[in-house]
Structures are given as structure tokens and as C-alpha cells.
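Chains as they are written, first to last, in numbering that gives the first Met the number 0: chain A, 0 to 361; chain B, 0 to 181.
Don't take each hint at face value.
When the alpha-carbon atoms are kept at most 30 Å apart in a straight line, the in silico DSBU-like pairs for lysine-lysine are as follows [said to hold, decoys possible]:
1. B:Lys174 with A:Lys186
2. B:Lys174 with A:Lys310
3. A:Lys142 with A:Lys186
4. A:Lys122 with A:Lys142
5. B:Lys174 with A:Lys142
Calculated directly from the structure, the hints in this document are not laboratory data.
The structure displayed is predicted, hence computed values, not measured ones.
Listed below are the residues making up each chain.
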Amino acid sequence: MTGPPAAHEIEVTVLGPGLGESVLVHLGGGEWLIADCCVGRGGTAAPLVYLASLGVAPQAVRWLVATHWHDDHVRGFGDLVEACPDARVAHAAALEHDEFLGLVVSAEDLMLAGPSGVDEMRKAIEALHASGRGRPIPVGADKRLDQVAGSADRPPFEVWSLSPSDAAVYAALAEFATWAASPGGAKSAVGRPRRNHSAVALLVRVGAVCLLLGADLETVAAADQGWNAVLASTGRPQARSHFLKVPHHGSITAHHEGIWSDLLVGSPHAVVTPMRQGRVDLPREADVQRIAAATSNAWLTRSRSTSASPKRHKAVERTLRERPQPPRLLNVEPGRVTLRCPADGTTDWVVDAPDPAVRLMA
Amino acid sequence: MADTMRAALAGPSGTEACDQWWTAAESRPDQARVPADSSAAQTVRDADAWLAKIDAENYVVEPRKVAFTSGPQARFRLLQSWEGRVVEVFDEGFVAHLVDLTTPGIEEEVEIEFEEISPDDESLVVPGAVFYWSIGYLRSPSGSRTRASEIRFRRLPRWTRQDLDGIAERVAELKSRTGIGG
Chain A
0 MTGPPAAHEI EVTVLGPGLG ESVLVHLGGG EWLIADCCVG RGGTAAPLVY LASLGVAPQA
60 VRWLVATHWH DDHVRGFGDL VEACPDARVA HAAALEHDEF LGLVVSAEDL MLAGPSGVDE
120 MRKAIEALHA SGRGRPIPVG ADKRLDQVAG SADRPPFEVW SLSPSDAAVY AALAEFATWA
180 ASPGGAKSAV GRPRRNHSAV ALLVRVGAVC LLLGADLETV AAADQGWNAV LASTGRPQAR
240 SHFLKVPHHG SITAHHEGIW SDLLVGSPHA VVTPMRQGRV DLPREADVQR IAAATSNAWL
300 TRSRSTSASP KRHKAVERTL RERPQPPRLL NVEPGRVTLR CPADGTTDWV VDAPDPAVRL
360 MA
Chain B
0 MADTMRAALA GPSGTEACDQ WWTAAESRPD QARVPADSSA AQTVRDADAW LAKIDAENYV
60 VEPRKVAFTS GPQARFRLLQ SWEGRVVEVF DEGFVAHLVD LTTPGIEEEV EIEFEEISPD
120 DESLVVPGAV FYWSIGYLRS PSGSRTRASE IRFRRLPRWT RQDLDGIAER VAELKSRTGI
180 GG
């Protein structure tokens, strides 16, 4: 699989995890959508590196979507916005509110060396404004972001956001408020988010093929939030998808039987991006078994193999080796799974999953 | 190890000038030696003062260019440092995201037990708390050298009403200038 996809060919490439993860979709006619971003060892936005490897210029990117603001999804997103001069930029509606913008500006006061998700969203907002493209487009449930008719040069396509619901946006704002600066409160960096209320799940239809990009959207008890709300909606396209970017790293918290029974064709192609944060290591073995039982065409972008530690002074390395667990390097080159098929859906997908990607086996 | 280091650093608080600069560059031939009088080097006479400087001024050091010593009684040769952020707290410790201050661009995650930090700092361990972790050599007055690891939490002032007013103003400016939230 070399060179860019043909004008009437769909490609989905899932990158991750490096610092973050990303999904690239060829919309046909040489145009691309990129959801989220990640960087590898060199710090360059991995989607740009991948497109360059195909000989595709950043000008070919039509859409950039930040599905949510968490560190493990948006690292390098600001660079993407800068580098893709013609891209429209969308993000979750919750990020438009003062509760989130307060976190963005108060992060400046901490003067930390390391970047964070709120810093990245600030960078994206500023880059978009500086380029004269205005402001990000806030998206929520059942919103058609784009639609193009087919022609000899390209298949038709449309892009929909399926979430977050209004109720999920309010829940996200309540979580933001718990981190907000308050008189007498301790100054600290924004904590690690525990929920994914405001993640943007996308439905992309190119020709006869539909793709469901699940972001980190989870299943919660409330009927009006998460996958419950998506499944109950009558405002979304009712077509079944042929591909699933498995939500939230394959976690049981993002599982819903209805995704597989109502939103997907039988035995769809699926890709999982692993995630390890603290003691959480996803997908767990039970998750792998569940996903592999649901489809025989599931892939993991990176196997569980560990990566090498950075070279340091011998005394430092000795000190770290004596710890119960040495630090775990996060700057790793993202794994990749690429799938292509004709937009008319007449033939099977061709899958390219180089090491360290692996196929999930039951 | 942290207790040993703190005890050693608790010597005279440094009215005397440092008798020697020790920098990580001395032990890393791949890196240029930094002159002790360069603008990057900070003349700090004892470790507590250096850490207090971080606390007081939100000051982020460039570890390859900086060394600190507690004066003639004990010296610390800094080899490696990180800025850490607490991301998750457990009964026995916490998980932190680390940004390497010695080799820029490297990020890691680590689990740290409470016994590795000062009892004075334990109450500061909450998600989002910021700390600095340093590893180096500690040379005792008798000349013996031991490896030392020190974790020190950053003490930031609490938010004031004035801070909050400033945040609200900056949010309004961001919205007005970029159109976001409109």
C-alpha cells in the first residue's frame, strides 16, 4: 500500500498511541479529515508525517476535529491547525463555555514546563484566529458538518457529529467547574479527567461506505448522554457503518451492545488504540476477547510491548532501576493501521497493519 | 534516601559562597560545559534556598546549567530533574506525569510511593499538584559520595479574588478577540 488512495477510494488510518492518537479519513477526491492528533518521538504531529509519507500536502486537509480536549487525544492539534491552512476546525460544544475557557487562561498562571490538553486547545484557537479562519465550529449531537455531491472526480460524502448531547455538555461543564479556580483554593494544574461527557463521535459516509469514529464516548447510566443518547437519536443518519474506531480504547465503559447491533454491519472492520494511564491499561484482556468475539476484523494499533527508556547518566539509570517501577516513556512512535476500499463498497478492505500493530484474536 | 539527603542539606544555610560549581555537563561530554558565571547559572548557596526560589518565583530551572550546594558541609551534584504533575492518588502513593527538564521533549509517567516524599509534602499530593524530582550525587563532608533522589512539591499561593477577576477578564478578552464562545 504505497502512495495516496485513488480519488474514489476510501482510506482510514488510525495512529496511536504516541502522545495522543489520531484518525485520518480520505473523503475522496484527494481531501482528508483528521480527528484528533498525536506526536511521536520528534514532537511533530504524526498525521502530518503520515500524509507527507503519502505525498499528500497539508492543503489537502478539509477538516480537523478535536473530539475532546484530553491530553491523550489532542497533542499536536495546534500544530495541525497551523499547518493545514485550508482546514475547517471543529471541537466539542462544551469547549466554548466560560467554564472551559477559564481553565485555559488560568493554566497560564502556573508556568509549567510541560504541555497539557488545555494548552493545546488554546494554541489551536489562537492559530485558527491568526490565520484568519475565525473560530472553531462547536459541534454536538446530530449535526451535519459537511456534505459534497459526487462527481466524476470524487464520490459523494457527508460528515456528521453524533455527540455530545446537550445533557452531556452540561455534565462536562459541571466537571470543569470542579477544577475551576475559587477564592482560597489551591493553585494546581488541571487534573486528569475521569469522564468523557463531551467527546465527539463522528459518522463519515463516503460513497456507499460508512465509518463510525467512536472517539472516547462512553456509555453512562443517563439515557440522554453517551452512547445511549446516540442510539436513541432519530436525528442521525440511520445507515450502518462498515468500520468502527472502537471508542475509549476498547474499555468496557464505552461498550454498548447497541453499537454492534444497531450502528454497524455484521463483522465490521474495527481498530482499537491502546491507552495506559497510571494503573489503567486498556484494552484489558476481557475487552480484547469481547471485541474479537464481535468481529474477526479487529486490530490494535500497538501491541503491549514496552519501549526503551531514554539514555541517561549511569547513576540516574541505576537509581531508576532500583525503583519498583521505573518511569515509563510516553514519547513513542505511534503504531498504525491503514484500511482502504473502493467507495462503492464492492470489494473487501485491504488492511496494512505493520509492527507493532496486531490483529485481535479471540 | 530522601531523608538522608534532606539531613545532609540541613547544614549551614550558606552565608559562605559556594566553593565549587558542579554541573551535569561535567559528567556528560556530549554537552557543552556551562560557565559558572553564565546568565543561566544561578548562584544559590543552599538547596533549600534554591527550592524556595522555585516556590517563590514560579521559577523553572535549566538543570543542565545549574547546580546547587548546601555550602561547605554537603554538596549536591544534579544529574537529572523532572517537573511532575500528580494525575492520580492511591492509598500508598500516586501516579505522576513527568516532563524531563534535563533532556527537553521527553515525557514519562511514574508511580511514586508516599515514603519517597517528605511528610511535609504529603498534604500537597492531590491531582494537579506540581513537584520537582531531582537525582544526583550527594557528597558528604567526609568526601563520601552517595546517589540521592529528592522530590519536592511546589507550594503555590492560593487563588485570590483578584486572581479570579483577572481570569474573568482574560476569558472575556479571548472571546472578544477570537470570537470563541460567541
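Ascending list of hint numbers which this structure does not respect:
Violated hints: 2 and 3; rest satisfied.
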